[in-house]
Each structure stands twice: as structure tokens, then as C-alpha cells.
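> These are the residues of each chain, in order.
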Amino acid sequence: MIGGRRPLQGRKIGDRRVRVDRPHSPYFRYTGAGMLTAKEAATAPRTGVALVWSNLRRSLFGRPLSNEDEAEERLPKKLALPIFSSDAISSSAYATEEILRVLVVAGAAALTLSIEVAIAIAILLTVVSISYRQVCRAYPSGGGAYVVARENLSQTAGLVAAGALLIDYVMTVAVSTASAIQQIQSIIPAAYDYRIEIAFVSIALITIGNLRGLRESGNIFAFPTYLFVALAIGIVVIGLSRIVTGTVPVVPPQPEVVRPGVEVLTIFLLLKAFAGGSVALTGVEAIANGVPAFKPPEAKNAANTMVTMAFLLGAIFIGVTVIAHAFAILPSEDNSGGPTVIALVAQSAYGQASPLFYIFQGATALILFLAANTSFNAFPRLAAILAQDGFMPSQFAFRGDRLAFSWGIVLLAAIAFGLLFAFNGDTHALIPLYSVGVFVCFTLSQTGMVRHWLAVREPGWWWRAIVNAFGGLLTLVVLLVVASVKFRDGAWLVLVLIPLLVLLFQFIHRQYATSRRQLALRPDQVVAAPHREERVVVPINGLSRAVVQAVNVGRSISPDVRAVLVVDDHAYAEQVRDEWARQVPGISLVVVESPYRALTGPFLAYLDVLDQAWTPDKDAPITFVVIPEYVPRHWWERILYNQSTSQLRRALLGRPNTVITNVPYRGEEPAVFERRGRLDPHTPPDSSGD
Amino acid sequence: MADKPVALYSRVVVALNGGPCDDRIVRLVVETARPTKAEIVAIHVVEIDWTLPLDANVADRSESAQRVLDSAEGIAERLRGTLEPVLVQARDVGAAIVDEAVERGADLLIVGLPYRKRFGGDFAIGRTVPYVLKNAPCAVWVVREPMPGEIHA
Chain A
1 MIGGRRPLQG
11 RKIGDRRVRV
21 DRPHSPYFRY
31 TGAGMLTAKE
41 AATAPRTGVA
51 LVWSNLRRSL
61 FGRPLSNEDE
71 AEERLPKKLA
81 LPIFSSDAIS
91 SSAYATEEIL
101 RVLVVAGAAA
111 LTLSIEVAIA
121 IAILLTVVSI
131 SYRQVCRAYP
141 SGGGAYVVAR
151 ENLSQTAGLV
161 AAGALLIDYV
171 MTVAVSTASA
181 IQQIQSIIPA
191 AYDYRIEIAF
201 VSIALITIGN
211 LRGLRESGNI
221 FAFPTYLFVA
231 LAIGIVVIGL
241 SRIVTGTVPV
251 VPPQPEVVRP
261 GVEVLTIFLL
271 LKAFAGGSVA
281 LTGVEAIANG
291 VPAFKPPEAK
301 NAANTMVTMA
311 FLLGAIFIGV
321 TVIAHAFAIL
331 PSEDNSGGPT
341 VIALVAQSAY
351 GQASPLFYIF
361 QGATALILFL
371 AANTSFNAFP
381 RLAAILAQDG
391 FMPSQFAFRG
401 DRLAFSWGIV
411 LLAAIAFGLL
421 FAFNGDTHAL
431 IPLYSVGVFV
441 CFTLSQTGMV
451 RHWLAVREPG
461 WWWRAIVNAF
471 GGLLTLVVLL
481 VVASVKFRDG
491 AWLVLVLIPL
501 LVLLFQFIHR
511 QYATSRRQLA
521 LRPDQVVAAP
531 HREERVVVPI
541 NGLSRAVVQA
551 VNVGRSISPD
561 VRAVLVVDDH
571 AYAEQVRDEW
581 ARQVPGISLV
591 VVESPYRALT
601 GPFLAYLDVL
611 DQAWTPDKDA
621 PITFVVIPEY
631 VPRHWWERIL
641 YNQSTSQLRR
651 ALLGRPNTVI
661 TNVPYRGEEP
671 AVFERRGRLD
681 PHTPPDSSGD
Chain B
1 MADKPVALYS
11 RVVVALNGGP
21 CDDRIVRLVV
31 ETARPTKAEI
41 VAIHVVEIDW
51 TLPLDANVAD
61 RSESAQRVLD
71 SAEGIAERLR
81 GTLEPVLVQA
91 RDVGAAIVDE
101 AVERGADLLI
111 VGLPYRKRFG
121 GDFAIGRTVP
131 YVLKNAPCAV
141 WVVREPMPGE
151 IHA
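Sequence lines, in order, name chains A and B.
For the first sequence, this note's numbering begins at 1 and goes up steadily by one.
For the second sequence, this note's numbering begins at 1 and goes up steadily by one.
A portion of the hints provided could be inaccurate.
Here chain A is said to cover these stretches of chain B; the calculated rule only asks that three of the stretch's residues, wherever they fall, bring their Cβ under 8 Å from a Cβ of chain A [what the hints assert, rightly or not]:
{"id": "1", "stretch": "11-23"}
{"id": "2", "stretch": "67-73"}
{"id": "3", "stretch": "96-109"}
What the hints contain is simulated information worked out from the structure, not anything from laboratory work.
Beta carbons are placed, not taken as given, at the ideal position from N, Cα and C, and that holds for glycine.
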């Protein structure tokens, strides 16, 4: 468009120029031949309600980010570590307690074995971390166990891993939130009564943080993680130095402490302690799932972050276990509101009245809340990969305003909170559901990696395959142990849920495959021009501007146009017929009297009759049902209008050879209808005689 | 006219021709304008020959003309800068650039100097750059297109 078409005079005679308007410029940008890219203004709200909603979202989640901003959303290692490792590192806050809680029933002497159990778990952690380092390098597109199992074992194995992972992530949110509330209880016992409310607030805050985008959530959540790590390492250093120097403090006995039992120490009990402590490994796989979130080189950065995470987790976990044993710290009774083992260990290192103790407790509670954050990153990513593969609804692959997978984030928050609510915020009731899924994933991914190395046979493949085979065997054993010892406590539920999820994934996949088949064009198919006849039926309720507009739209589709008035009042029908003949000549009006007062049924029956009356030797015509629709000015007016229109539209949706066309009338051009000639398509507008 | 120190420019007009030099010019101008938050006007002139009226629908129907400015706008945004794109039709490119700069009160005008590889390679000085150098009432920077084999930023 030429701007005003008025040439601007230059400094010299003859130097004239014309500025050209660029109407697309505020909304679009040409980025290639025939290609426009929408700008932020193109998505701006257009109504008052949409504007309020948009402003609310903007204030909660921040301004929308474009795809080009994605590179800046990538995480450097220092932010990726707290985001993807807070789950694993936070496990050190309760893993020791899970071991002690089992061993204590065999008496104080059995607690000595807690160190050996912790070392065994640390060895397992090392093997699993090395294996996942390899997963990061071999599958830099992310997806972790799901992708490894899908690519190297089978699609079903991949889905089993995915199901187990999704369950694991939900559990992580629920367990770590419940555990964080327990930490708060250690310093504020009254918090126990408000655990559901605290859980709701914390999950809501983490949800909002994650909906604000990856980098921003990283910035928000990094500090508590590093604070916890620093203070926990401080505890380990102080505690070990006291053990070495022989200055072990006496921890005052807690009234809520579990009394050592008199059961015989069996191999089963040891395995149960091992299974309990193996929760320390939960979250180790999260980095492998989120490799694409790292800054380039993604795989290398992810692999290095994995090593840092494993080192920190192992050091804190073994350190806390050694100190707990040396200081004779015992766990508190379930639901007693007593202090946790990590709280007592911190107390013994920093002193009960020390501000560092309270800061550590706060940091522990925070990192446990933030352990949930790891799941909030990993769950939506996995759900997105599953959605891309057609195993979950496609909405899960869409990224929201802030480039976050919003659907996955919201779904995770809803399920995790529902679970906490159902279990009344009790961690121990949830932990049996927890580690089974994790070890299913570990086993499948390790087995898949063995097959991967056997297939690619790149340099060093044999030792990598040995590490994965050893890891796979070890995690399989742990899986069997965990599943058997925790079976009655609730692990059976996970073993039921995983197959159910797999069936659900397959059902969704089949649905998408069916619709794709139905919609697909054969590659050799050349689309010809339509050969079927068309006719237009306009359902009306009287004569109005909206009806006239719909009739005119119908005339532009086909010359075969008829209006149908379904009515239960004969006198009204006659009145409309008279007006119609006078004001809309040339268009037939069919009046269908409905003595039973139904509107939709008789209209559909009339369409059926039209179809049956069609010449049998010709293809059935396409019937355009052009529905006039009055668009009210205000949203609240909508309940007053168009109710029967909506009903009719719903009834017509599945009808074969039928196209529904809505013609909204907004009342913008009343003058058009005031010109006599415009109602008659054969009369040109200029000859209206105005 | 002596050039002002870079930091004193407050309104810069930059002429773009859709060539490979545009990217370099836009980056340069955005970085130059950043310290003083100088206003940047990016102008692309579509030359209309005498067989057509000056206000013929040429530039608005030409995606490539629109793309020159859209691309510049995109580069500026990526560098966290803004520019005002102006599309102009004129009989003479140099005159249109100078007139636009005068009308907008520009204190710096930046034009690109293309390099042609044909016939052994040389800078295509053409008519526009000399005209601008001679007639612009403000500082003029000529940014040459990198020569083959030249390492450019």
C-alpha cells in the first residue's frame, strides 16, 4: 500500500519519493519467499477479557518468549546442576533414615551395618551414574531410559520405561514435598497440622516457577540447592573431624525416637535396608532425560554435570550415614512429629542453638521442595517426547508462552497434589511406591545400552558394554529386592500401574494412527476439482438481518438455496412466509410445522428427506447448512442467544456429506440492509435509488 | 564536516540494499547507537523507472523489498536494539536516501559499498555512494562488503 500516494518533495526539483506503508510490519515479518513469521503483536489479546487474562498470565509467568529465545533459555552447568540434581542430592536428606528405620528393629548392633549398606548403595550409584553418562553421550536428544529402551529393545520396553519414569516423577514430587514438610516439623512441630496446605502452596509455587521457563526457574531454585550442598558438606567435614579427633558429642535422646527392637538380623532385613536406602538413586536419570536443555556441547555438559551430581550425592550420603552411626542417632517414630535423622546429624555438627543448624534445616526443607523441581523439568520433557511419538495427547508436545511444556507441568502438579492429599501427606506410605519405577528404568536403560554398544561397536565399545551389563544386572537384582520387600507395602500398585499406563499409551497411539490413516492422502493421488453438486439449506427462525446475511452467503456457495423455518405456530409461519416472499424474492422458503415443538429433529429429518429425494444415478450432493448467528456485544449476553444454534450444530457434526457454515452477524453495517436493492442479488448496489 | 565522536550520534539513518553487507551494517549501527540510545532509521529504496508512475504499486507487492527491512529489524531485535524501517519508492536512490536523512534530522548516515567479483573483482562504487558522500549534510560512513577471503566479524 502506498502511503497516501502523495509524493514527498526532495531538496532538489525532480527528487521526489513516495513512502510505502507496510501494514504487515506490526504483526508479521517476511522471513522467506511466501513465508511470514508472526510477531508478538499478532498474538496480542483482542477483547477485554482476553486482555485481563493476558495481563494476569504475564504478571504470573512473564512475557511470552519466542522460539528464537530458546537458545538463551539453555542452561549452563551451574544452573543445570541444581535443576536436574536437586532430586538426587536431596535424597541424601532421607536415604540414611530409611536404612536406619529398617535396621533398628534388629537392635542397636544391627545399626553398625548401616555403613556397609550405604557403601553398597554408593557403589550402585557409581555404576548407574557411569551408565547414564554414556546415555547422555549416546542419546543427546534426551528421553533417557525411554529412548534407549525404544531404540534398542522394543517399543513396549520403551513404554514400560516411560510409564515407570512418569510414575517415578509423580512420586518424587509427592515424596519430596512430604519429606520437606517433615523437615519443617523438626523445627516447627505445629507445621504437621498444616501439611496439606503447605504441600499445596509449595507445589503451586514450583508450578508457577516452572511455567515461567527453564532458565528463570533455574535462577530461582539454584540458591537453595547450593546452600544445602555447602552446609551438608560442612556437616560431613565437621562430623568426620570430630570422629577422627574423638570428640563425638552426646546427642540428647529424643522422646519420639524408635526403640531398638529384638528381631533377628536376617539377610532379608539387610536387603530391606538396602532397598530402603536405594531411594538415594532416585532422580539420577533426570540429567539423561534433559540433555537438550543444556548449553552446547549438550552431551558433554550433561555428562560432566552427572559426575558432579553423583560425587556430591555419594559424599553427603555416606558422610551422613557414618556420622549418624558414630553419634548413635536413631530415627523418630512414624508420624510422631519428631526430628529427622538429618536434623539430628546437623544438630550434632552445628549445635542445637546455632543459626547454621536452623539455616541448614531451612535449606533441607527447600531442597526437598525443589527435588520436586527436577520432576517438573523431566516429566514434561518425557511427556513431550511421548506426545511427539504419538503415545500421549499431542497437547503435551506444545510449548507455552515461556517455552515450557505447560500441559505436562500442570498435569504433574495436579496428580502429585492429589496423591499427597490421598495419602494425607505421609512420606513413608508413599516411598514403597517410589523406587520400584526407578529401578525398572535403570534396568531397561542399562540393558538397552548393552545392545546399543553391541550394535555400534565404536572404539571402547566392549568396556562400555561391560559397565552397562554389570549395571543392568545390579539394578535388576535391586529391582527384584525392592519389589519383593516392598510388595505388600504398596509396591504392587506400581507393578499394576505400569502395565496400565503402557496400555493407555498404546490405546492413544492406535487412535492417532487410525485418524492419520483416515486423513492421509495417497502419495500418487492427484486431487481433482469437486464433481459433486452443492446445495444450501439455511435454517431460520424468522426474517432478520442475520438471516439475510446467511442467505447471501449461501447464494455465493450455490444457486440451489432454500431457507427452512421449523415452527410450532402456524400463524407466525404464515406471517414469515408473506414477509419472505416480499423481501427475499427468488429464494424458496420451506416451512416445517412441528406440533411436538422440537426444532432440531424435524430439521434433520427434512435434510434426510432431501437426500432421499436426490436422483439415485448421481453422486449425493454436498449440503451446506448455513447457520445465521447473532453475535452479541458482551460476553454475558451469549447465554441469551444462539442456544438452539449450538444444539443444531452439535446434531449436524457427524452427518455425512454435510458442511456446517456459521455466518456471524455482528451488526457492523446496518446501512447495507437499509438499501432496498441489496436484498436482491440481481440489483446492483448503485441502482438502489438512494 | 568533521565526524562527531561515536557517542554523540543521536539519530542514524542506515541505507540497506538487500545485499550481503546489510547484516554487517545493521550490527554496526545497533552497536554504535546503543551507548546513546540513538534512534535508528533503516531505509530501503526501490528505484522506479520512468515507464511507471512514482506511486505505482511496486514495493508493497515485492516481498523481497519487504524482506530487506524485516530482516534488518530481526537482526536489530536479536541484538536487543530497535530500528524504524522505512520503505521508499524513488527515481533516484541516492537522492531519496539523502532527502530522508535531511527530513529526519540524521547526524549520521551509513551506506554499504558492494563488492563485485566479476572482472577480477572490485568495489561497485556506482552512482549512489558518491551522491550521498557529496550531498549528505551529516557524517557519512561507508561500510564496504568483505572481500573474498577476508575474515570479517
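> Of the numbered hints stated previously, which ones are contradicted by the structure, given in increasing order?
1
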